[in-house]
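Please take these sequences and the hints and turn them into a complete structure.
When you line the sequence shown up against UniProt numbering, it's residues 1 to 116, in that order.
Calculated directly from the structure, the hints in this document are not laboratory data.
Here are the simulated BS3-like pairs of lysine-lysine, each with C-alpha atoms no more than 27 angstroms apart in a straight line:
1) K28 x K6
2) K6 x K26
3) K30 x K6
Here the structure is a predicted model, which is why all the values come from computation and not from measurement.
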Amino acid sequence: IQSDVKFNDLGLLIIDEEHRFGVGQKEKIKQLRANIDILTLTATPIPRTLNMAMNGIRDLSIISTPPARRLSIKTFVRQNDDLVVREAILREILFLYHLQELKVLAKVRLNLSLFY
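Here is the structure:
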């Protein structure tokens with residue numbers, strides 16, 4: 001929430017992953033709180049927020065079942081192969097590349113940048 005952003009008629013604020021907000025941003029949200037409804041979404045609530053929910057200070061809803069037709073995440077562990085890495089980068093939304101040693105980071109970064 002930036003100081004130069006002005007809301008015309010804000011009625012609902014949706015916060016995803018509250019733990020990513022800093023103290024200053026949370027203070028600005030507190031200033032808005034009296035006039036609007038706030039919906040906070042998280043898979044891992046911060047302790048203070050969880051405590052407030054458990055003590056009835058905040059409302060709490062739990063979604064305990066996955067959405068209908070949800071596709072499960074597929075994880076593959078493979079040997080280093082440039083063709084497989086390139087295909088994964090071009091096809092996937094999320095791609096994780098594990099390094100055993102930091103000393104090869106510059107070389108790996110250069111190789112991966114060739115695939116974009």
